Every structure is written in C-alpha cells, then in structure tokens.
Amino acid sequence: MHTLRVYRRSLGAHLRATLEYQADFWILVVAAVLTQGAGLLLIATIFARVPRIHGWGVWEVVLIFGMMVLAQGTSELLAEGTWGLAGLINRGELDRMLLRPYPCLLQVCSSRVGMNAFGNLTVGGGLLVSALAHLDVAWTPGRVALAAVLLPSALLIKVSLTVVANSTSFWLRGAINTFAGGLDQLGELTKYPLSIYSVGLQAVLATALPFAFIGFFPVSVFLQHGRLAWVGLLTPLVAAWCVFLAVTVFSRGLRRYESAGN
Amino acid sequence: MGPYRAMARIAWRNALAYRVPFLMSLSMMVFNLVAMFALWQALLGDGNSLAGFTWPQMKAYLLVSFFTNCLVSTFTDFAMASRIRSGAVAVDLVKPVDYQKSRLAEALGFALLEAAAAATVCAVVLVAFGGVPLPSPGRLALFVASLAAVVPLKFLIAYMCGLLCFWTQNYLGISLARGAVSGILSGATVPLAFFPAWLRQVAEVLPFQAVTNTPAMLFLGRNPGLPGALAVAVQLLWIVALWWLARRLWHVAVRRLTVHGG
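Protein sequence lines, in the order shown, are assigned to chains D and Z.
So for the first sequence, our numbering puts the first residue at 6; every next one is plus one.
So for the second sequence, our numbering puts the first residue at 9; every next one is plus one.
Everything labelled a hint here was simulated from the structure, so no lab data went into it.
Please read all numbers here as calculations on a predicted model, not as lab measurements.
Please note that the accuracy of each hint is not assured.
Stated by the list, open to error - Selected chain D positions facing chain Z (in silico; Cβ < 7 angstroms):
| # | residue |
| --- | --- |
| 1 | Thr40 |
| 2 | His59 |
| 3 | Asn95 |
| 4 | Gln190 |
| 5 | Tyr202 |
Cβ coordinates follow ideal geometry from the N, Cα and C atoms, glycine included.
Just chain Z, same shape as in the assembly (with noise of 0.2 angstroms):
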C-alpha cells in the first residue's frame, strides 16, 4: 500500500501547486452548470413538471450530475496519454508498482481535491438557490456510497480511453468522443426519463449510467428500499468487471509499445 498511498498525496499536492488550471476546469464546468440551472428553470421555474421532474428535484439532479462530472475529470487520462505518446510511459513500466494500480491511486488524491471543491460549490448553489430535496439519513448513506463508487467507474472508462493512445496518436478526439458518449448515456446531459424507451434499455444494461444516473435517483429516492441497494451492487459489478477487462487491455497494449532511444 505504501507506494501507493505515497502516488496518491503526490497527486492531490500537483493539483495544489497547478491551482489555475485546477481551478479553470471546475469554472467549465460551473459555466455549464449555469446554462442548465437557467433552461431547465425556464422549463419549469413557473411550477411545470417534466417527465416526473419539478423545478426543486432537477435542480438536485443537476447539481449530483454536476458533482460525478467534477470527480475524475480529464487529468488522469490526458497526463496518461501524453506519457504513452512520448514514450515516457517506458519510465513507468520499469517501476517495481502496478500501472493500473498506480493511475487510480493518482485519481484517488485527484478525486479527493475534486469532491472537496465541486462540494464548496454545491453548497453555495443551494444557499444561493435553495429548496432542494433532502433524502432521509439512511438513503443519504447509500447516495454517499454510490458517490464513493464514481471515482473508480469513472477512473476505469477514461483509463481504458487513455490506453487507446497505443493505437493512436492524438487523444484529444478519443477524450471528446467519450466525454460525448458517457455525457449522454450517463444521464448527465439529459437525465434518462427523457430518454425515448429503446436508447434509454440501451443506456441502462450500460456502464455509464452507475456514473450519474445511479447517484441522482438514490439521492432523489426514485428506487426506495431493495432497488436502491441493488443499484449500489450494480456499480460495484462494474468496478470488478471493468478492472478486468482493463487489466486485459492493457497486456495487448503494452505489447504494442516501441520507444525510439531513450
């Protein structure tokens, strides 16, 4: 463990030192929040309800949708890709710790920073805008857990992007493509009751949806007691299935690797 504790507060100390770019991808993504806080309230300021939502309960949707996408947003997999580009990712291969291992210990200290500001910002949204649904303790206790299960889920799927670089040169196309796809399959564009029925069977027999999906609904109680519980397990499969097939990927990657010199 300890290598990788040691990986994981070297992480959350270079986001600390880069503070403005930190800071300038959380205002990305708090610009955005602001265009969807002010459509959906558009939609339904005036007392509307939309697909089973009112103005209070999106609001709640957005800001968890806003949250999942703070956590694990773009450094793991760009700073990944540019080792693999450069062939620096030599470097790592020679180090006596698992690669897989050592990027989510990296993500993890990430995360830690990431929660902590994407929740100062939460808070000021609700103290600013109010009125939001508060789940009772016990499901609270479940949304904090399936919250906890984003940062692997969402580490794993831009892991497994970032090992993409071995085939390709420029990962800028690849991180827009999947921030696209995960966008919209994890209900963070759109939330998937506003789904038509066949791309919504589509989006929930897929990953994405644990990303976002399964933390709003635990949080807005839209599947009391069992359901909401199997949806945590249905995260924590992902994790595992997902660990493998990226542990898979990366043994036919690596055995594409050709650094020139060194």
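The following block holds chain D by itself, in its conformation from the complex (with noise of 0.2 angstroms):
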C-alpha cells in the first residue's frame, strides 16, 4: 500500500512540474488526438467502401483500435520513466535510484508522464465507449464480468511490454533505446484484425511478442468472434506472464548494470 502511495505521489510530482508548461501540455494533446484521428481516417475511408474486412465490422475494428490507444495512454501515464532508462543508464544516474530505499524498477517507471497520456486516455476511452454503443452489446453479469478481467489484463500487457523492451537497455547501452522503439511499432500492427497477416507473423504477435493479447483477443472473445475467440480468455493469464517477465528482465538487467563511473 505504502509503495502505491510513493508511486503515486511521484508520478503527481512529475506532472505537476510538466503542467507548468501549459502550452507544451496542449500541444502534446493535440497531437496524440492528430495521430490517431489519421488511424481514424484509414479505418473510416476503408469502411466507406467496403462493409467489412475479414468478416470485421467497423464498428468491431474501431473497439481493438480504441483498446490499443487506451493502452497506449496507460503506459505513457504509469511507465512513460522507463524510455529514459538507457539515458539514465548512459549517464549513471541509475546510482541515485539504487540508493533510495524503493523498487528501482518503479522509480524508473514513475520518472517521468507522457504528457500525450491525456490525449491518447481520452480519444481511446472515447472511442471504446462509442464503438460499444454502436455494437449493441447485451450488458449480462457474466459479459460486464469479463470485461472487468479483460480490460486491465490488457493494459497492463501494454505496460508490461513497454517495460520489457526498455529493459534491453541495460545490454544495448546506447543513450536512446531505439529497439524499443521498434518493438513498439511492431506492436502497432495489432490494430488490426490480426488474420490479415501471414501466419508466421500472426504466431509472433500472439506468443513471443504477445501485442495481439491487448487487443485483438480481447475484443475477440468479448464479442464472440470468429473461430479463436476463446484464446482470448487467456488474456490474464498472459498478462501475468508478462508482468512476471517485466520483472524478472528488468532485475536481470539490473544485476549487469555498472555505474558510469563518476
């Protein structure tokens, strides 16, 4: 409980000093609301034209596109610190941290907010609770049960994920982690139903790289498509193992790190 507190004080910190900065705010709010309105239009030109891909609505699509940008802004808001951890690393100033009597992993995690969280927790919550009143879903205990599993075992995969690939820092040792950066854009081809792809591609994304579990599956079993819609019921269980693999990589890590030196 303590740790939650400290953890939530010093992301408040974070933001209250990155607030200072109104006009940097809006900005970053405007281009996360930028960025995925051109999601949106791919999507929306698409779907003027053609009724559905692979037997995927729109209205569907736009639930595994909102869940991605949901997740998306959940990470920049509790993990966005760890993009700053091959610099920290780089630098040595992952000395101080180690000196301080709380998880280092979750000093990383809460050094810094994205400020484009706010842009992309509002066009992802907006777009989830649009695309489900357009998709007339019958709200029954066990449905608002599943859901209430799903939707944080997403995102936190999401977070998870993003911890997992800044962790490489710690052998890349470069000042900025740009596989990282690959590694999440590999993730942003989950935004789309997933058997368009090949099916090695598909097989990657679903196990070494689980990206398709924070939102395809999900939304799969949620809605009861399609003929794998019950993988999606492992949801927890791989968000889980990916909290126990951002874990163990990031101490793993930690264990090899050396100071800078000065």
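Put the two chains together into one complex; each comes in its own frame, and the hints tell you how they fit.
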C-alpha cells in the first residue's frame, strides 16, 4: 500500500512539474488527437467502401483500435519513465535510484509522465465507449465480469511489454533505446484484425511478442467473434506472464548494471 | 559550396557511424509498410478495385509512399530542436555559413543514405511480392525528378517545424503533430482518391500533397503528358515559396533567442 502511495506521489510531482509548461501540454494533447485521427481516417475511408475486413465490421475494428489507444495512454501515464532508462544507464544516473529504499523499477517508471497520455486516454476511452454503444452489446452480468477482467489485463500487458522493451537498454548501452521504439512500432500492427497477416507473423504477435492480447484477442472473446475467440480468455494469464517477464528482465538487467563511474 | 559539401559529407558519415538508430528508425517504417501491405491485400487481393486502385497499383502506391516517408525522416529537425533548446544554436550563429543552407546540406547528405536504404527495402519487396506496373522510361525520368524534389520539400517543412522550438520547449508534440498532418494531407496514410471531395480539395492546394501524392501519381501514370510535368513544376514552386517563408520565419525566430551563460 505504501509502495503504491509513493508511486502515485512521484507521478503527481512529475505531473505538476510538466503542467507548468501549459503550451506544451496542449501541443501534446493535440498531437495525440491528430495522430490517432490519422489512424481513424484510414479505418473510416476503408469502411466507407467495404462493409467488412475478414469478417470484421467498422465498430469492431474501432473497438480494437480504441483498446490499443487506451493501452498506449495507460503506458504513457504509468511507465513513461522507462523510455528514459537508456539515458539513466548511459549517464550513470541510476546510481541515485539504487540508493533509495524503494523498488528501482517503480522509480524508473514514475520518473516521467508522458504528456500525450491525456490525449490518448481521452481518445481511447471515447472510442471504446462509442464502439460499445454502436455494437449493441447485451450487458449480462457475465459480460460485465468478463470486461472487468479483460480491460485491466490488456492494459497491464501493454505496460509490461513497454518495460520489457526498454529493459533491453541494460544490454544495448546506447543513450537512446531505438530497439524499444522498433518493438513498439511492431505492436502497432495489432491495431488491425490479426487474420490479415501471414501465419508466421500472427504466431509471433500472439506468443513471443503478445501484442495481439492488448486489443485483438480480448475484443474477439468479448464479442464472440471468430473461431479463435476463446484464445482471448487467456488474456489474464498472458498479463501475469508479461508482468513476470517485465520484473525478471529488469532485475536481470539491473544485476548487469555498472555505474558510468563518476 | 565547399563548407556545405563538407557538412553533407559529415552528415552521411554520422549516419554510417550510428547505424543502429538509423536502421531501427528504418525498421519502424518497414513495420508500417508490412501493416499497410497486409491491410490492402486483404481488401484488394482477390481482384477487387477500390477508388480506381487494383492490388498491383496499390502495391506500387504503398512502395512510393514508403520511399517518400523514409526521406528526410526525423533526424534533421530533432537535432535542430535540441540545439535550439540547449542554446548550442548560438555556436551555429557564429559560424560564417548560412544556417538554412547548412541544415539543407546535412539533410541532403543524410537523404542519400536514406534513399539507398529505402531502395533496398523496395527491391526486396518487389522480388518477394512482384507484380507492380512499371512506367515508361520517359515517365520514370519524371518520377525520379519528382522524388528528388521531395527531399528539399520535406526538409523545408521539417525545418520550419524545428524553428518553432524558439517558442516552445517541447519538440516531441510538434513533431508528432507534423507527422500526423503531413501523413494525412500528403496521401501517405490513404491515397487522396479515397478522401471525401472537400478534404481532397483542401489537400490539393497545400504543399504536403507534393511529397507523396505527386510522385505516386507520376509512377502510376495517373496524369499523363502535360499535367505530369506541371505537377513537378508545382513541386518546384512550393520549394521556392517555402524556402522564402522559412527565411522569414528564421529572422523572426532568431530574435527570440536568449542564451544563458556559455
């Protein structure tokens, strides 16, 4: 409990610091809206001409897309600091964090707040609500329970994968981790129904790099869509695995860490 | 010309020395290409055509769009932005060379490498997927000319956005917003032919469409004869106009510069 409180306060401090620059805040909110708007424009223009892609209708795809945007916003809010990990290692600034009586991983995560988080959370949440409203979902108690498990699991997967991707900084040793950026971009592939990709790529996105469990599989099982819908039930398990992976890879990396020496 | 040629050479060598970030940022664009290929193949693969695009034509469009995306990617403006923010730009001001021409020289040096890398990817994709309609030699020459014009054009757009750092602290937001806006209006996200009429008209009077739409339409032979040559002329006109505009912006911007200490 204490750990969570410190985490929240650390994020809060960074949030207040960043909000000092109000123009920057609004620029990033607008940037997030524009970026997601471009993705939505692609979806809208396609569905203006065809009713379905591999059996997926427009609001179903918007639901996947909304999940991805919401997850991105969550990771920018809770783990944006990991994007600075490469710099912290490179400059030897991690020493400072190791001295404090608080888990190093959580310190790194909360060492920054992604300002486009607010734009992405708003856009993602909005897309989720409007897609669900248009899809005419029957909210039985079972469905509500399912959603209550799927949503946090999916968000946790995104946050954990961000941590895993950036923990590679312990081995790569550059001041900026472009590898993590590449992985993140690979994850963007799962914004569209997975079946459009080749079988090999589908397998990678479902197992080794389980980005498909952020949007595609949870939405599949929630809407009972397609033969592989049941795979979505594994989402909480995948979330647990990803958290385990994030903690393990980070602490393995930390054991390798050598200070910059000054 | 001497100093500018040297700067272009240094930029080229820099990119060669820091291969990992360069290749990673290229791989991000390759992932995006993979997603777009899969998406449009799902839509057009069985012989359909949408908005006048068949699958072979869409493949050609996606490759041209990928190529123009690779040219003058984020290096120019991010380097500029960080020098403006840190105040190191003061050193650039002291040098007896023109600031705008120097940045162009760097962008050109870099673009050579970007073009080589992008062409390699395109060649691999062509061998793997094949079936792209090739234009006649005369048309191909015009296409290459319009690709060459894309470099200064994209540079000038990025340069002017970089100058905005004289007003704001946070360049990430501006860069993201620029990427989204130019992605939509250039036709890189969706071909302009898919737009509703009003948006298409807006896009056609702006400089962004000269970045992706013009070379792609030339490659596909959508504007045979005089209109094709005129499209390249419009690109050149935009270069002249934006070059002048960027100069004006620089003169206003540089007056805002305050460098503390040294």
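Flag every earlier hint the structure violates by its number, smallest first. Hint 3 alone not satisfied by this model.
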